[in-house]
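J.: So you can see what is in the structure, the chains are spelled out below.
2 protein chains.
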Amino acid sequence: MSKLSVGQASVALASGQITSEKLVSDCLEQIRLRESDVRAWAFIDPELALAQARQRDNEDRRSSLHGIPVGVKDIIDTTDMPTAYGNTRYAGHLPSQEADIVTLLKKVGAVIMGKTVTTEFAYFTPGPTCNPNNLAHTPGGSSSGSAAAVADWHVPFALGTQTAGSMIRPASFNGVVGLKPSFGTLPYKGTHTLAGSLDTLGLFSRTIADQRLLLTALAPHLHIANGPSAPVIAVCRTAYWDQVDAEMQKAFEDHVASLCGQGIKCVEYELSPMFTELADAQRLIMAVEAARALHDEYHEHRDSLGSFTIDLIEEGLGVSPEDEAAARNLAAQCRYRLDSIFASHDLIMTPPALGAAPAGIDRTGDPILNRIWTFLGNPVLTYPVARTASNLPLGIQLIAPFGKDHALIDMADRLNTLATGV
Amino acid sequence: MSKLSVGQASVALASGQITSEKLVSDCLEQIRLRESDVRAWAFIDPELALAQARQRDNEDRRSSLHGIPVGVKDIIDTTDMPTAYGNTRYAGHLPSQEADIVTLLKKVGAVIMGKTVTTEFAYFTPGPTCNPNNLAHTPGGSSSGSAAAVADWHVPFALGTQTAGSMIRPASFNGVVGLKPSFGTLPYKGTHTLAGSLDTLGLFSRTIADQRLLLTALAPHLHIANGPSAPVIAVCRTAYWDQVDAEMQKAFEDHVASLCGQGIKCVEYELSPMFTELADAQRLIMAVEAARALHDEYHEHRDSLGSFTIDLIEEGLGVSPEDEAAARNLAAQCRYRLDSIFASHDLIMTPPALGAAPAGIDRTGDPILNRIWTFLGNPVLTYPVARTASNLPLGIQLIAPFGKDHALIDMADRLNTLATGV
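Chains as they are written, first to last, in the numbering used here: chain V, 311 to 732; chain R, 311 to 732.
These are calculated hints, taken from the structure and not from any lab test. The C-beta atom is built at its ideal place from N, Cα and C for all residues, glycine as well. No incorrect hints appear here.
Reference listing, derived: stretches of chain V covered by chain R, where coverage requires no fewer than 3 residues with Cβ under 8 Å from a Cβ of chain R:
| hint | segment |
| --- | --- |
| 1 | 489 to 501 |
| 2 | 505 to 515 |
| 3 | 626 to 634 |
| 4 | 639 to 653 |
Can you make the complete structure from the sequences, with help from the hints?
T.: Quick look at the structure:
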């Protein structure tokens, strides 16, 4: 029963049809079968997971997530499991304080299955994880292990983080649903800082409906609302359309055509050139803030850093305060501009990545199509829409107004149903 | 005719009733009479101003600001007048490139009258300016000279900047109208960076209607819209109400009562405690970004820095990346919360300062009531509503949704008219 979605597992657990111990045990068996190939986990202790499950089975249900196992990206502090941030120097490191999101997961009764592989400090230097759809391909990053673990039925859901494209890109590469909520929605305290004005906690699952369940349990303060029954979609091919490969282009066009065929209003929308500049501005702010956050690592432990991380820090150190100010300024102007786009459209739709997961696991792919939405702080959701000729997944990227996370999930669920005709 | 408002001067110039040379010359005469007392100017060259005015008189009108003199805060780079940033080391400094806002002012035909006194790098270390309402009192800061010059009829309008409370506080202290537009509205390039995610250019004038004229000429991309004819006001006494002195409390209550008496719906609104924490978060982000922006000044020219500036930089150097991230995160959550306030209210109204301008010119007063609105990026306007027993001005502070700058000006104008019965 490792293939149960969060929603299915929740119903089965609530009705007593299954126990958390059985569910966790089946997931552990799936991991045992697959982990030597996929390598999604930075740390896993089956006994620790089973002990939590048995405890859940012996107590009152705390929420719809009660007894359900979750993968926790190894950038998030845990005190009963090591947290290595994808950096060799932290192998075996045990933080003294637990991240708020882990405390929250425990409070609602989830079972912390283990820690999933992250790239080094959630940037570009990859870990050992392979894409479960084709082991010769990257799972993407930085939330490599979480996306792969959910795709490969190790756990029904997992935590990731996104600073540029660290959730949406791996979700698309692995063929799962990824939600990067509005900036600040899930509590970030105790999760490693890469760039404080960008870092956002998010969620991987295998169904869109699961995201509603997850967000309701983990962000109870959010206003729950549906989207309009016939959302108007701004179809944005973006300034990078020429770099999007043929199969991703086709998947995108087919999905749009399919939605149009179902009566959904899809309006071609060209983003102003400001938004293209904004991708560079995001890169710059990320570098500036990373140079600060990783200051000690760079100055005292540089030998233990991967070259991507060193390059990012050095880029950040070279940025002038004036350029930093101009970049933040541009974001403010784009947020303002975005208001007028959302005045006449309910969603923006773009490709989530330039193509399917690239071959090789030495790089994690390009986040260029995700950067600006992370910078602007808007909620973003991706779900799988097609497969390439060689059977790699391809997703779609949906962006909603800030704070409209529940409406985004609702509209995504409806669009997915319409397009697939399920 | 130095007492003409921007609007009055504009009409008189357009009709040929007066010349720019005459207007500038009268303003210079007022400055000559008053400057030894008020000390609003860091640099002024009467011949340079008059030469610009004569040129304006001999060319076609470029905008409604054509031929009107403006004071430019000495934190803004000019290439034909020195720019000293309120710091001794930069006395006589001539930047090689002009700030975008100065280029823009020239493009629309304004006459750059001179540079107005700023506190050191737009923080707390004061310059020599006195409050024209009572020379023994501070004009506030950091836009000390601009606020004083407008109040004392040296120029009909002036440029300021706000990073915490550097526009709204001095406007209230001097009895003028101050507008801190939505973050990023006026182009910041070429203005000295104190904290890039907070620094905002703004405008002082003597009438609210003038702000409409100024913003139309200087931010032509802004959507021009009126507010609702009967705005609903969220009346926020803030968590600092106990620190607001009796005369400011009375001025605030009287203004609210007067508006209620005119049929305006004023709803008591208590901001969530998140917003109180946000003032500390603003302080922290300001310190972090200032430590970066003033890095070279601190490391290489520390002896030339005032103690307030040194304290700010050292506070910033001591902030952890986690605390920085938490502060930015809190702002995101408050922006989200603000949306729901503005869903049912058109404006937020609070006191602009804890009282009238304090005695002494060694400090510029407390920006505590302005910090969070600068951090959130919303447009803020203050206008004078009363005077203390000792005849010092007291203002009111109005906050509108991000981007609704024109609606804010429109509503402020209407409320002011209603309350004063003019």
